[in-house]
Structure formats: structure tokens, C-alpha cells
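Asker: So you can see what is in the structure, the chains are spelled out below.
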Amino acid sequence: MHMMVCGGTACRASESDIIVEKMKKELEYRQLDKDVQVVITGCFGLCEKGPIVKMLPDNTIYTGVKPSDVTKIIDEHIIKGRKVESLLFADPTKAETDSQYIDSHKKQIRIALRNCGFINPEAIDDYIAANGYEALGKCLEEYTPEQTIDIIKKSGLRGRGGGGFPTGLKWGFAAKSKGDQKYVVCNADEGDPGAFMDRSILEGDPHSVLEAMAICGYTMGADQGLIYIRAEYPLAIERLQIAIKQAREYGLLGEDILGSGFNFDIQLRLGAGAFVCGEETALIHSMEGLRGEPTIKPPFPAESGYNDKPTNVNNVETFANIPAIINKGADWFASIGTEKSTGTKVFALAGKINNVGLIEVPMGTTLREVIFEIGGGIKDGKKFKAVQTGGPSGGCLTEKHLDTPIDFDNLIAAGSMMGSGGMIVMDEDDCMVSMAKFYLDFTVEESCGKCAPCRIGNKRLYETLDKITQGKGTEDDLDLLRNMSHVIKDTSLCGLGQTSPNPVLSTLDNFWDEYVAHVKDHKCEAGQCKSLLQYNIIADDCVGCTACARVCPVGCIAGEKKEVHIIDQSICIKCGACMDKCKFNAIELI
Amino acid sequence: MAKVKTLADLRKMKRELQTKIQVRENAENPESVVQVKVGMATSGIASGAKEVYSYFNEEMAKRNLNGITIQVGDMGYCYAEPTVEVLVPGKDSVVFGYVDVKKADEIIEKYIKEGELLDGIIPPNYQSINE
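Protein chains in written order, with my numbering: chain D, 1 to 590; chain Z, 1 to 131.
No wet-lab data here; the hints were simulated from the structure.
From the three backbone atoms N, C-alpha and C, an ideal C-beta is built for every residue, glycine too.
It is possible that part of the hints are untrue.
[As the list claims (entries may be wrong)] The following label-pair restraints were derived from C-beta to C-beta distances:
#1 D:N483 x Z:S54: 53 to 61 Å
#2 Z:G115 x D:Y29: 18 to 26 Å
#3 Z:Q18 x D:T144: 44 to 52 Å
#4 Z:S54 x D:W512: 51 to 59 Å
#5 D:R550 x Z:S54: 57 to 65 Å
#6 Z:G115 x D:G576: 51 to 59 Å
#7 D:P553 x Z:D100: 43 to 51 Å
#8 D:G261 x Z:Q22: 30 to 38 Å
#9 Z:Q22 x D:E142: 24 to 32 Å
#10 Z:A27 x D:A231: 45 to 53 Å
#11 D:D308 x Z:Q18: 29 to 37 Å
#12 Z:S93 x D:E21: 23 to 31 Å
#13 D:D308 x Z:D92: 30 to 38 Å
#14 D:L589 x Z:G115: 48 to 56 Å
[Stated by the list, open to error] Away from chain D, derived, C-beta distances all over 10 Å, residues of chain Z:
#15 E25
#16 N29
#17 N66
#18 G73
#19 E85
[Claimed, not checked] DSSO-like cross-link-like pairs, simulated, lysine-lysine; straight-line CA separation at most 27 Å:
#20 D:K25 x Z:K110
#21 Z:K20 x D:K138
#22 Z:K14 x D:K138
#23 D:K379 x Z:K103
#24 D:K34 x D:K83
#25 D:K24 x Z:K103
#26 Z:K102 x D:K328
#27 D:K66 x D:K379
#28 Z:K5 x D:K22
#29 D:K22 x D:K66
#30 Z:K5 x Z:K20
#31 Z:K5 x D:K24
#32 D:K153 x D:K328
#33 D:K245 x Z:K103
#34 D:K328 x Z:K20
#35 Z:K113 x D:K24
#36 D:K83 x Z:K5
#37 Z:K3 x D:K34
#38 D:K523 x D:K581
#39 D:K107 x Z:K91
#40 Z:K50 x D:K245
Just need the whole structure built from these sequences, with the hints factored in.
Answerer: So this is what it looks like as C-alpha cells:
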């Protein structure tokens, strides 16, 4: 018999490690320790109901367990073989077992990531055993291109790269376009800092993307696929190359696929480190050998794209969903998620959260569930401050948004956006002004420079934010930030400029007080903007040894021997020499 | 390499491959093997998964265990890398986190050989539609 006790941070805070200790001691005392093994596990993701204890082999799950329950569990469950009803997870009157109950309440459903972590991505046999290429075969044998597009339309799938455009509609446009050569392009540039959803799909299940691209080619009459992948993903590139080679060997890419007469092959094109090349027109130009600069739409790529031919561009995660939709049906996919945002979304959870990693949740899951249950809560028991979604194009969501069901429209209404799925959690020690500055630093660097609003405007935004974090900002600067942001959003040529002010506007709206404190009081609550911190001599601890005054390079410390010293903040250059010198820990940074 | 010429061929191949997997996992079958799946995506490799993979590969053979080591993609538990999933025929699979060479040795000696669980098991918090 085994006992698994959750050692996740939330459960540990509720004494789960004491439960383990007590359990082991008592079992030893009663000479049961050879028959029952107690282990600590990672987080069960049921933090609300913790501490969690799972009994094997019967899979009983106990919730809200306290150290005082240890004896009861040993007496009832282990010795008498009876469940401790008061601690049970599932309702004992219902027929469901605990495992079934947990399964049906698992917050995550993996569709795009269905094979990641299960199959060897370098073995096409593994993919085939897991139903691989069945969807492509079905389309070629049983459905017309129009019928296939209808299935995708009916599923309600929307682009997972950030735009959220209905995929079936997009495929329909490309199918209607006339051209002697058409292309299917997969956008694997994934430029958002901290996002690694697409990378994980490409490293863990590359064939799913190849299969989907072939299906897309079938629907629109394209025989050539191109995957634009950033050069910073060497492992993903290697695995794609292996997958393409194997698919060709098996005749699943190339000529006359599965005897249908349909030809389709795929090439890789490597990016060269430009975030703007995640924008579809810039991406296409980059593939053409031109500088990665966006061009105005219309014409859309579906009409005139790569080499001016009809081109359909979709994101990696969008493609990864396609084979599952074909195999399990449009209705099945549409039954998951919300009405306007069907299916699931993969998120890369990062920042000040315990369970950093990849999750895939049905649309409609709330931010609270993602952060505090699946994510295991905030690291080190600190207080939640905000969560940034959508990367440099998104905004931040605060405590009041935590019960927002995640979907495309709700996040936009809340002042942010889904983006490609990066979710960065921030706590009380993060400065929101610094966060906005960080994103502007990124977008300034990545701007292609073609249009003035983005090229010049973002730079001015960055400079103003920098000024504020250095303690030199004024209240006028706050107005400047807001006005400039709106101008940049309204007049930029492409998505990069149109969304780069979002972090600024969102933090101004949600954290106005923090901005005001920075410019009026020259204070950074979070303690991150070093220029706004002050060195302060603690009167109670200062013995007047004069060591600090003697080492100060600007002579801003005054005080007689044996008397409390004081720093003149108007002269202080914040070098920290005084704090380093003080032997009495009488100088602090506030 | 067999070329897959029709959809019927593909389906036949799938069934044969699935049978092979079932044989692998069926405890009653004398050919059943222990499968050790090591997460080898970038987050895993950056945390030392390659070493763990090699260790399992070599040591299971050295210790005369009927087992295979498979590299897989990201299991999603990036905070606990390297992660390893062990499927002993007849038992539910178990995912171990924070696996280094020392832990790998314990997994072989204690879990695979004796059926003893270890600290640091990661409970699965998702369901895949392919399971």
C-alpha cells in the first residue's frame, strides 16, 4: 500500500510535510512501515482542496487533511480497510470513483499537446500508432476540399497565434483565390518573450503540423508548404527535418500521397532573429529574401502573398489542432470552450508562480483557476499583483480580473489580449512601470523602422518611461504617455506598432497610483527602480562612528562623533558605499 | 522503409504498431518491457535530461532489466525538469520530477525492481485526448 502526500507549496503551507512526518512515525511505531510506504509528491493542482493525500492501490483521494487526521487514516483506511468519509474528495453517494471524479474535474485537456510527452517525436511509427496521418487519409479519401473546409468552419477554430481569426474562413479565402501556384505557410517564428508553446509542439509532435499543412494544401489547391521557423530553435528545426525526411520516406509527403493523386511537400525557412517577422507580411517578405518589413493589407496573403501567389499563413498551434478536429469531428471540438472561442489554448505559465510550465486549458477557464490551482499559486507566498498576457502586444490583468473566463473577446474587453499564449505572473515585488519599460525596450529594438509612428513614437515612449523610473518624470509625462500611445496605435502600419503601446495603456489604467507615486513622490513601492530608492540611516542603530561620512564620495553625510548621522538626499548619488562600510547595519535602502 | 501506399495500408500499419505497444505493456506477456520515457524538449535538455536518458539506457541493460528508454517531448512540468515517466507493465504510469543520475539510480533499484515509490512524484494534472 502507498500513501502519496502532496508536497506542493500550497499544501506544504498547510502542513503537508508534518503530515508525512507524523504518518511515518506512527506507522513505524505500529510496525506497519514495511507494509505502507509514504511519499511526498509534486503539486496535484487541487490547491484549493489541499492538503491532498492519495491512497494506492485503490486511488482514494482525501482532501483538507490535517496532521490530527493521521491516526484516523491509519485506523480506518489502512487497518480496517474503510474509507474515511469525512475526508473524501468525491461524493460517496455518487457512483464515481475518486479517480473518475478527478479526471472529469481535471482543469486541463490536451488537444494541441495530445502527443507531447507521450511519443518519441523522432519516430514516425509512434505518430502513426497514435492515429497519425489518419486525418489526412480521411480527407483525401472521404471528403472534398469544400467539405474539409466546412468541418474546420463548423469547429469554430480561431487562429492561435494571437489574431484569433476564424481558421475555416481563412482557408475558404485561400481556396477561392485563383493562382497557378499556391502556398501553405506555417508561422513558427514565436517571437513573444517567454513564450514556448509552439516550440514545445514542434519539439514534441512535429508530424501533427506536417499533417495539418498537407490537409490545408488539399483544401486550397496548394502543393507546396513552407515552415518559417526562428533560427533560435535548433532542436525544433532538427526534429522537423527528421520528421519531414521520415514522412517523405513513407510516402506521406511528396507525390501521389496515399494513392490520391494529391502532391504536397514541405520546406523549412529559417528566420534570423526579428520579432517583426512574426507578422505575416513581414514573414513572407523575409522568405522572399527581402528585408523583413510589413506591407499594407489588403491585399491579404490569401489573395497575393509569397511571390505574389495565394498564400495561407497559420500558426503552429492552430495547425496542431487540425488533425484532432478531423478525426474527432467539428461538433466535438465546438463542445469544448466557449461559444465564440471553441477548443483549448496552450499557455506558457511563467514568472512568480510555483508550477512554471506548459498548460492547455479549455477556453472559459478562469485566470484564478490557472494561476492558483494549476499554477500552484504565487511563489514564496507573496501577494499576486498582475498577470501579463499577450506578450509585448498585451496588457496586464489584475486582482479584479481573476474571475474572468479566458477567451479571445473577454481578454480584449478587460484591456489585454490572448496573444500567442504567454502568461507572466507578477507579485508585489514587481514594478509595473518597469514592466512597461521592459516591453517598450523590446519593441523599440524590434521595430523595423518603416513607419514613423512606431519608429519614433515607441522610442519616445521608452525614453519617457525610462525618465520616470530614474525619478526624473513629471505629471505631464503621464499625459504624454497616454496621448502618444493612442496616436501610435491608430497610425502604425502593422500589428507590432498597433499593439506596442498596450502594456503602457494597460498599466496606466490599472496602476495609475504607482505611476503617480513615481513622478510625484519619486517612490517605487515595489523597490525595483533603484534610482528611486533612498539610503537611510536608522537613528536607533547609528552609533556615530563617522565611517560612512568619511567614505562618502560626495560628502552628503552630516553628523558629529557619537551622534546620529543623516544623509542629505538631494546630494546623495546612491552609490551604496556608506551601506557597505557601516559595521552596525544602521543603513537601509528604502 | 515501407512506403504507405493507401489509407488502408496506413490503417493496417497503425494496428500492427498498436499491437506491438500492447505487447510491450501487457504484464502477462513474457515480452513485456518497462518503458522509461525521458522528457527531451529544450527545457528538459537544459536541465540535464540527456545525461539521465543515457544513464537509464546503459544501466537498465547492465542490470539485466527488460526495459527500453524512449525520448519524448515536453510533458509540461517545466518547473520540475528533468522529468521521467516510468511505465511498469500492469501498473499505472508514474512521473518523477527533478530526476538526476542519483535519482535515476533510485528509480531503477527501488521503483522498477521493488515497486517502492519515491518522493518527488508529479501527479498528472491533465488528460490528453489521445489517452
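Asker: Hint by hint, say whether it matches the structure.
Answerer: Verification of the supplied hints:
1. The hinted range of 53 to 61 Å is satisfied by D:N483 and Z:S54, whose Cβ atoms lie roughly 59 Å apart.
2. For Z:G115 and D:Y29, the Cβ-Cβ distance of about 24 Å falls inside the hinted range of 18 to 26 Å, so the restraint holds.
3. For the pair Z:Q18 and D:T144, the supplied restraint of 44 to 52 Å is violated, since their beta-carbon distance comes to about 30 Å.
4. Range check, Z:S54 to D:W512: about 55 Å between beta-carbon atoms, so the 51 to 59 Å window is met.
5. Checked against the hint of 57 to 65 Å, the pair D:R550 and Z:S54 passes, with Cβ atoms roughly 59 Å apart.
6. Against the hinted window of 51 to 59 Å, the Cβ-Cβ separation of Z:G115 and D:G576 comes to about 57 Å, which satisfies the hint.
7. Range check, D:P553 to Z:D100: Cβ separation about 47 Å, and the 43 to 51 Å hint holds.
8. The given range of 30 to 38 Å is respected by D:G261 and Z:Q22, whose C-beta atoms sit roughly 35 Å from each other.
9. Distance hint check: the CB atoms of Z:Q22 and D:E142 are about 28 Å apart, consistent with the given range 24 to 32 Å.
10. At roughly 46 Å, the beta carbons of Z:A27 and D:A231 sit within the given window of 45 to 53 Å.
11. Separation of D:D308 from Z:Q18 is about 46 Å and departs from the stated range, judged on CB atoms against 29 to 37 Å.
12. At roughly 28 Å, the beta-carbon separation of Z:S93 and D:E21 lies within the given 23 to 31 Å, and the hint holds.
13. Restraint check, D:D308 to Z:D92: a C-beta distance of roughly 56 Å breaks the suggested window 30 to 38 Å.
14. D:L589 and Z:G115 have their C-beta atoms about 54 Å apart, which keeps the hinted 48 to 56 Å range intact.
15. Every beta carbon of chain D lies more than 10 Å from that of Z:E25, the smallest distance being close to 12 Å; the non-interface claim holds.
16. The claim that Z:N29 lies off the interface holds: its Cβ sits roughly 17 Å from the closest Cβ of chain D, which is beyond the 10 Å cut-off.
17. Every CB of chain D lies more than 10 Å from the CB of Z:N66, the least distance being 19 Å, so the non-interface label holds.
18. A cut-off of 10 Å between C-beta atoms contradicts the statement that Z:G73 is not in contact with chain D; the least separation is 2 Å.
19. Remark: the non-interface label on Z:E85 conflicts with the geometry, its nearest Cβ contact in chain D lying 7 Å away (cut-off 10 Å).
20. For the proposed pair D:K25 and Z:K110, the alpha carbon gap of about 21 Å is at most 27 Å, so the pair holds.
21. Among the hinted pairs, Z:K20 with D:K138 is consistent with the structure: their alpha-carbon atoms are about 24 Å apart, no more than 27 Å.
22. Between Z:K14 and D:K138 the CA atoms are separated by roughly 14 Å; this keeps the pair inside 27 Å, and the hint holds.
23. Distance hint between D:K379 and Z:K103 is fulfilled; the C-alpha atoms sit about 25 Å from each other, no more than 27 Å.
24. At most 27 Å may separate the alpha-carbon atoms for a hinted pair to count; D:K34 and D:K83 meet this at roughly 21 Å.
25. For the hint pairing D:K24 with Z:K103, the CA-to-CA distance comes to about 21 Å; that is within 27 Å, so the pair holds.
26. About 43 Å separates the Cα atoms of Z:K102 and D:K328, which puts this hinted pair outside 27 Å; it is violated.
27. At most 27 Å may separate the alpha-carbon atoms for a hinted pair to count; D:K66 and D:K379 meet this at roughly 23 Å.
28. Among the hinted pairs, Z:K5 with D:K22 is inconsistent with the structure: their alpha-carbon atoms are about 63 Å apart, more than 27 Å.
29. With a C-alpha separation of about 10 Å, the suggested pair D:K22 and D:K66 falls inside the 27 Å cut-off, and the hint holds.
30. Distance restraint check for Z:K5 and Z:K20: the Cα-Cα separation of roughly 21 Å lies within the 27 Å cut-off, and the hinted pair is therefore satisfied.
31. About 60 Å separates the Cα atoms of Z:K5 and D:K24, which puts this hinted pair outside 27 Å; it is violated.
32. At roughly 14 Å between alpha-carbon atoms, D:K153 and D:K328 fall within 27 Å of each other, so this suggested pair holds.
33. Distance restraint check for D:K245 and Z:K103: the Cα-Cα separation of roughly 36 Å exceeds the 27 Å cut-off, and the hinted pair is therefore not satisfied.
34. For the given pair, D:K328 sits about 24 Å from Z:K20 by alpha-carbon distance, which is consistent with the 27 Å threshold.
35. Restraint check: the Cα-Cα separation between Z:K113 and D:K24 comes to about 23 Å, which is no more than 27 Å; the hinted pair holds.
36. Our distance criterion of 27 Å between C-alpha atoms is broken by D:K83 and Z:K5, whose separation comes to about 56 Å.
37. A distance of roughly 55 Å separates the Cα atoms of Z:K3 and D:K34; the hinted pair therefore is violated under the 27 Å criterion.
38. Distance hint between D:K523 and D:K581 is fulfilled; the C-alpha atoms sit about 25 Å from each other, no more than 27 Å.
39. Between D:K107 and Z:K91 the alpha-carbon distance is near 24 Å, which keeps this suggested pair within the 27 Å criterion.
40. The straight-line distance between the Cα atoms of Z:K50 and D:K245 is roughly 24 Å, inside the 27 Å bound, and the hint therefore holds.
Of the numbered hints listed earlier, those contradicted by the structure are 3, 11, 13, 18, 19, 26, 28, 31, 33, 36, 37.
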